[in-house]
Amino acid sequence: MTIVTSDKPEPSKPRSALPWVTTVSRLILAAVLIVAGGGKIGTPVLSVEAVKAYQLLPESLATAVGYGLPILEIVIGVLLVVGLLTRVAGIVSALLMLAFVIGIASAWARGLRIDCGCFGGGGQLAAGEEPSYLIDILRDFGLFALGVIVAWFPPGRLALDSVLGLTPSQEPDEYDDTEGDDEEPRQEEDH
Amino acid sequence: MGKAARDQSARDRIKAQREAERKKERARRVATMTTAAVVAVAAIGAGWWFAAQSSRPEQTTTALAPITRAADGTVVMAKPGVGKPVVDVYEDFQCPACKALEETSAATLKNLAAEGKAKVVFHTVTIFPQEMNKGVTRGNSVRGAAAARCVPAGPSWMTYHDRLFKEQPPETAEGFALDDLVAWGEDAGITDPNFAACVRNQQHAAAHVSDSDKKLEAAKIEGTPTLKIDGTAVDNNVAFAPAQLRQAILDAAK
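For the record, the sequence lines run as chains A and B.
Heads up, the first sequence is in the numbering used here, so the first residue is 1 and it goes up one at a time.
Heads up, the second sequence is in the numbering used here, so the first residue is 1 and it goes up one at a time.
Treat the hints as calculated values from the structure; they're not laboratory data.
Keep in mind the model is a prediction, meaning the values are calculated, not measured.
There's no promise every hint is true.
In silico SDA-like pairs for lysine to any residue, Cα to Cα no more than 20 Å straight-line [to be verified]: (1) K23/B x M33/B; (2) K254/B x E222/B; (3) K24/B x W108/A; (4) K24/B x V163/A; (5) K84/B x N111/B; (6) K166/B x A109/A; (7) K23/B x F141/A; (8) K134/B x V88/A; (9) K134/B x A109/A; (10) K166/B x P58/A; (11) K134/B x G111/A; (12) K254/B x N111/B; (13) K134/B x R110/A; (14) K166/B x P155/B; (15) K117/B x P80/B; (16) K23/B x A109/A.
Cβ-to-Cβ under 7 Å is the rule here; a few derived chain A residues that face chain B [stated by the list, open to error]: (17) G42; (18) T43; (19) P44; (20) E49; (21) G68; (22) L72; (23) V75; (24) V81; (25) L84; (26) Y133; (27) L134; (28) I135; (29) L164; (30) L166.
The C-beta atom is built at its ideal place from N, Cα and C for all residues, glycine as well.
Given these sequences and hints, build the entire structure.
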């Protein structure tokens, strides 16, 4: 009976919701990144200012990060939307979120009174405004978790990676059956 | 050759063929991913470069336009006879974003005034409320502003003004100490014998606070810095991009 071994077209039957979970994670993360990057990209000077407000990086590095962060967020966001290089984009966004969590927590611990600068605005609180560190941290931690999901699992539905056959999971590596027929084991239905 | 051997060789052939296909497939995948990665990195690099370029300040080339002061403490920088467009700058010596604007766009304003293409009006305000940081931030702001008001109108005012932004203390720490404020005045070449006493007594502090409140109210200022061209607030995207700011002011002159 070879039926048992050639039964791989639907290995993920019990987890059939997963592709959608990763797709939704990707899109949420992407939306936040694009909005955040878009809010800052028009005013690089204020973006630099927001990074400096954390008083964590030396001046020149803070400037470089301030100029680069908005475009990085947008590019990663776009990659997540189209599902290209999904795993890398997931890892980068998870690392970004982790860095934000650390930055905000450290600002909080040091008693700095700053706006997180997350969505633009120069990192300065308007007069009389209170910082909302806890909310910012919880939000970014949630986004970090989404980043991990995106990096961990296959890109899911509606992903260019799947269309282009870039997902490592699609590599027919571990099939040992030597049946000469059905040469195309790449029939994952993620198109 | 037995059937088993034939099967074996067929199996080997298929295996080799599959192996080759797999290699080709892998090469194609690597190529696609590399291309995508290169494009993404290039986009990030281009964006970074563009951000750095658009934020690059002008160099001040010529002498400053004449600087005068009105009774309400407003400082005007314009060539004689130049009345428009009017560029209003609302700034607080203690506000980090104002410092950023100063570093980015002040040279553009100085140059345009010197070229006779704009009348630049500086409104020094105090935006920080007493409740914030136990009044430390507001204290710094008022002390700096009151001291700047002791500086006679003229190029030394601009020198002093620039120095205050350069020496801006953190919002949470006490700064702009009276001794420093006096010393910076001497550095700026202020020879007025009353200057030191004016700073130490904070002679203009009360007038500054009252003028500041009036201006914030009258001009409906919600945050600093605010830049206005002929009364219309300039978007930060423009105010913090020297080339665009120059263009906006030149356009207003038409």
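Satisfaction of hint between N111/B and K84/B, Cα-Cα up to 20 Å:
15 Å, holds
Assess, step by step, whether the Cα of K254/B is no farther than 20 Å from the Cα of N111/B, and give holds or violated.
18 Å, holds
Given pair status - R110/A, K134/B, alpha carbons within 20 Å
Since the Cα atoms of K134/B and R110/A sit roughly 17 Å apart, the hinted pair holds (cutoff 20 Å).
Let's test the interface hint: is any C-beta of chain B closer than 7 Å to that of V75/A?
Holds: closest Cβ of chain B sits about 5 Å from V75/A, inside 7 Å.
Taking the closest Cβ pair, is L164/A under 7 Å from chain B?
It holds, given that the least Cβ distance between L164/A and chain B is near 6 Å, below 7 Å.
Is the interface hint for G42/A satisfied, with its Cβ closer than 7 Å to some Cβ of chain B?
Given a least distance of 4 Å, the restraint on G42/A holds.
Chain B contact restraint on L84/A - CB to CB distance below 7 Å:
5 Å, holds
For the pair supplied as a hint, K117/B and P80/B, is the alpha-carbon distance within the 20 Å limit?
Roughly 11 Å between the alpha carbons, so the hint for K117/B and P80/B holds.
Measuring from the C-beta of Y133/A to each C-beta in chain B, is the shortest one below 7 Å?
Violated. Min distance 15 Å.
Is the hinted pair K24/B and W108/A satisfied, with a Cα-Cα distance of at most 20 Å?
Violated, at about 53 Å.
Should the hint that I135/A touches chain B count as held when the rule is a Cβ pair under 7 Å?
With Cβ-Cβ at 20 Å, over 7 Å, it is violated.
Measuring from the C-beta of E49/A to each C-beta in chain B, is the shortest one below 7 Å?
Cβ of E49/A sits 5 Å from chain B, so the hint holds.
Violated hints, in rising order: 2, 3, 6, 7, 8, 16, 24, 26, 27 and 28; the structure is consistent with all others.
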